[in-house]
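Visitor: Listed below, chain by chain, are the residues.
Number of protein chains: 2
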Amino acid sequence: MKCRKCGGAAALELRRHNAAFCPPHFTEFFRKQVAEAVHRHRMFTRDETILVAVSGGKDSLGLWDVLLEEGYRTAGLYLDLGIFEYSEESRAKCEAFAAARGQVLHVERVADAVGAPIPGVQKLTRRPTCSACGLSKRYLMNRAALAHGYPVVATGHNLDDEAATLFSSVLHWQTDALSRQSPALPSTHAKLVRRVKPLYRLSELETAAYAFLRGIDYVVDECPFSKGATSLAHKDVLNRLEEASPGAKHNFLFGFLDKGRPAFERVENVELRECSTCGQVTTGEICAFCKLADLVKRRT
Amino acid sequence: MKCRKCGGAAALELRRHNAAFCPPHFTEFFRKQVAEAVHRHRMFTRDETILVAVSGGKDSLGLWDVLLEEGYRTAGLYLDLGIFEYSEESRAKCEAFAAARGQVLHVERVADAVGAPIPGVQKLTRRPTCSACGLSKRYLMNRAALAHGYPVVATGHNLDDEAATLFSSVLHWQTDALSRQSPALPSTHAKLVRRVKPLYRLSELETAAYAFLRGIDYVVDECPFSKGATSLAHKDVLNRLEEASPGAKHNFLFGFLDKGRPAFERVENVELRECSTCGQVTTGEICAFCKLADLVKRRT
Chain A
-19 MKCRKCGGAA ALELRRHNAA FCPPHFTEFF RKQVAEAVHR HRMFTRDETI
31 LVAVSGGKDS LGLWDVLLEE GYRTAGLYLD LGIFEYSEES RAKCEAFAAA
81 RGQVLHVERV ADAVGAPIPG VQKLTRRPTC SACGLSKRYL MNRAALAHGY
131 PVVATGHNLD DEAATLFSSV LHWQTDALSR QSPALPSTHA KLVRRVKPLY
181 RLSELETAAY AFLRGIDYVV DECPFSKGAT SLAHKDVLNR LEEASPGAKH
231 NFLFGFLDKG RPAFERVENV ELRECSTCGQ VTTGEICAFC KLADLVKRRT
Chain B
-19 MKCRKCGGAA ALELRRHNAA FCPPHFTEFF RKQVAEAVHR HRMFTRDETI
31 LVAVSGGKDS LGLWDVLLEE GYRTAGLYLD LGIFEYSEES RAKCEAFAAA
81 RGQVLHVERV ADAVGAPIPG VQKLTRRPTC SACGLSKRYL MNRAALAHGY
131 PVVATGHNLD DEAATLFSSV LHWQTDALSR QSPALPSTHA KLVRRVKPLY
181 RLSELETAAY AFLRGIDYVV DECPFSKGAT SLAHKDVLNR LEEASPGAKH
231 NFLFGFLDKG RPAFERVENV ELRECSTCGQ VTTGEICAFC KLADLVKRRT
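From first to last, the protein sequence lines stand for chains A and B. Heads up, the first sequence is in this note's numbering, so the first residue is -19 and it goes up one at a time. Heads up, the second sequence is in this note's numbering, so the first residue is -19 and it goes up one at a time.
It is worth saying that the hints were derived from the structure and are not from the lab. Cβ coordinates follow ideal geometry from the N, Cα and C atoms, glycine included. Keep in mind that a hint or two might mislead.
[What the hints assert, rightly or not] Below 25 Å or equal to it, Euclidean Cα-Cα: the simulated SDA-like pairs (lysine to any residue) are:
1. B/Lys207 - A/Ser225
2. A/Lys239 - B/Ala157
3. B/Lys239 - A/Leu237
4. A/Lys239 - B/Tyr66
5. A/Lys215 - B/Pro226
6. B/Lys239 - A/His152
7. A/Lys277 - A/Asp156
8. B/Lys215 - A/Gly114
9. A/Lys239 - B/Lys239
10. B/Lys239 - A/Thr145
11. B/Lys215 - A/Thr7
12. B/Lys207 - A/Lys239
13. A/Lys215 - B/Ala224
14. B/Lys239 - A/Thr155
15. A/Lys215 - B/Leu212
16. A/Lys207 - B/Pro226
17. A/Lys215 - B/Arg(-4)
[Stated by the list, open to error] Derived CB-CB ranges, DEER-like:
18. A/Cys258 - B/Glu8: 49 to 57 Å
19. B/Arg194 - A/Thr145: 38 to 46 Å
20. B/Ser211 - A/Pro99: 22 to 30 Å
21. A/Gly51 - B/Ser211: 43 to 51 Å
22. B/Gly264 - A/Glu265: 53 to 61 Å
23. B/Ser211 - A/Asp216: 18 to 26 Å
24. A/His152 - B/Glu202: 28 to 36 Å
25. A/Pro108 - B/Glu223: 18 to 26 Å
26. A/His152 - B/Asp27: 34 to 42 Å
27. A/Ser167 - B/Ala15: 34 to 42 Å
[What the hints assert, rightly or not] Just some of the chain B residues that point at chain A, by a computed CB distance under 7 Å:
28. Phe9
29. Val150
30. Thr155
31. Phe232
32. Lys239
33. Gly240
34. Pro242
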């Protein structure tokens, strides 16, 4: 295999692009895909400081790296989920990454905010772990961005993540989720910052290759709670389809953004208000996060 | 396992309904599902004669059987695709079924209409076999119904067929196909008869069980051209999802009909006209079937 750009020895074949690249031209390709995502969805400008939500994994640290390489102003946010050694190791990787590059890393502990670490939340509330964790992360990302004055949060969701989420929404025809799925969610309220996913054009294999080639030290293990998760089963299905027909995931996600999503978009007539407990945005009287925290408190 | 209805020994477990049935109560369940489909989508009335498109397989012969059991007026239509012994055997099964029940069976040969049997069409046109075959079948079903004065054609598509078609449309976000997928397609032109799928609520396993329990003699082999077909690969994916989560196929298809399809439905502003060659309905000057037949003729 030869690099499409220089004819040198290729290190990576990208079947869905019918291309192969040597290491330097692969990282160039990677950066171009990020630039295309940022440009196409007007994710942020060079005047803004981007809060990058980092977990210590290949995707989010790769994202932070590429944004720095592209010259953007950034800060990191590590949400400590309190998942035993997994969280400790993840935090250490994020701190080392930030320190080596002279970047600010904000750290928030889920346990401080919700009253217990994620394993405790699961035990106390019997709520599915991934659901309580996702809710807490979205809440804390927004709260931290507001508190520190960042206008936008960037997450490391890649093509595989987005395709799996879409697949799940489609299997159940969750029209609310379908109308909201996008690489860039605008701010629809003064207390809601923008959320963007600059890696949505890049597959999991590609983010792993980028992190490897850039020498990023990341946590390889998956979250111990992800075992048996439906999202992993859906990724498996999509990987089989991709294997049989390269580009299947890409076509599924991009076809949706192009042709499917417009069908589900409607005038956002949901009234947003401020939670009477914490002041963050919600559609009801008390936000879902405060309800979760209250449940944890009562059962502790 | 005990029958949900009578407590007797169950012959069949339906995991997605969390139920099991003995043979008589399974056939009762089956008939009720067909009655529900007919009622919910107002497929036809008892005053109409339904043209049942039969292939000789379990689904279409099972459909014809249940419609007769329910007391509907019917006639059969066998489309001879000219696929060697497969078509000969299929035709014999359909003729025997019709003769035993004193029913009319119309037979049309694809070769007479298009100029070559399906294997010949494939060779001459290089068009994917299933695509040319599907086009020919839809065309000839409508033409035969019009010619003999039947207002509606019923086909044996089951839940698995419909879910697989939907899955394929969704993977590529074919919005036209999504807006058209329905258990009951209305007549939108004087020369277009209604098309209905009374088995859409029943899985392939259930139609097989019904045909077996009713002692229907059907062709077990799949069409020799279906090997490697994408639709079979998609059925395989859906079967895995069903295995992990009983009801997945049902929820996917029914969720679409309930919540997805309305998003894709729009005012049908496609102007239908009559083909200048054959007079059947088309959106262009010459219909796709006549174009196919012309191509076959020129290359023979």
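Visitor: State for each hint whether it applies.
Guide: Against the structure, the hints come out as follows:
no., hint, in the structure
1, B/Lys207 - A/Ser225, "holds, 17 Å"
2, A/Lys239 - B/Ala157, "holds, 12 Å"
3, B/Lys239 - A/Leu237, "holds, 18 Å"
4, A/Lys239 - B/Tyr66, "violated, 40 Å"
5, A/Lys215 - B/Pro226, "holds, 19 Å"
6, B/Lys239 - A/His152, "holds, 9 Å"
7, A/Lys277 - A/Asp156, "violated, 30 Å"
8, B/Lys215 - A/Gly114, "violated, 32 Å"
9, A/Lys239 - B/Lys239, "holds, 17 Å"
10, B/Lys239 - A/Thr145, "holds, 18 Å"
11, B/Lys215 - A/Thr7, "violated, 38 Å"
12, B/Lys207 - A/Lys239, "violated, 31 Å"
13, A/Lys215 - B/Ala224, "holds, 14 Å"
14, B/Lys239 - A/Thr155, "holds, 7 Å"
15, A/Lys215 - B/Leu212, "holds, 20 Å"
16, A/Lys207 - B/Pro226, "holds, 20 Å"
17, A/Lys215 - B/Arg(-4), "holds, 23 Å"
18, A/Cys258 - B/Glu8: 49 to 57 Å, "holds, 56 Å"
19, B/Arg194 - A/Thr145: 38 to 46 Å, "holds, 44 Å"
20, B/Ser211 - A/Pro99: 22 to 30 Å, "violated, 44 Å"
21, A/Gly51 - B/Ser211: 43 to 51 Å, "holds, 49 Å"
22, B/Gly264 - A/Glu265: 53 to 61 Å, "holds, 57 Å"
23, B/Ser211 - A/Asp216: 18 to 26 Å, "holds, 21 Å"
24, A/His152 - B/Glu202: 28 to 36 Å, "holds, 30 Å"
25, A/Pro108 - B/Glu223: 18 to 26 Å, "holds, 21 Å"
26, A/His152 - B/Asp27: 34 to 42 Å, "holds, 39 Å"
27, A/Ser167 - B/Ala15: 34 to 42 Å, "violated, 52 Å"
28, Phe9, "violated, 25 Å"
29, Val150, "holds, 6 Å"
30, Thr155, "holds, 5 Å"
31, Phe232, "holds, 5 Å"
32, Lys239, "holds, 4 Å"
33, Gly240, "holds, 5 Å"
34, Pro242, "violated, 9 Å"
Checked against the numbered hints above, the structure breaks hints 4, 7, 8, 11, 12, 20, 27, 28 and 34 and satisfies the rest.
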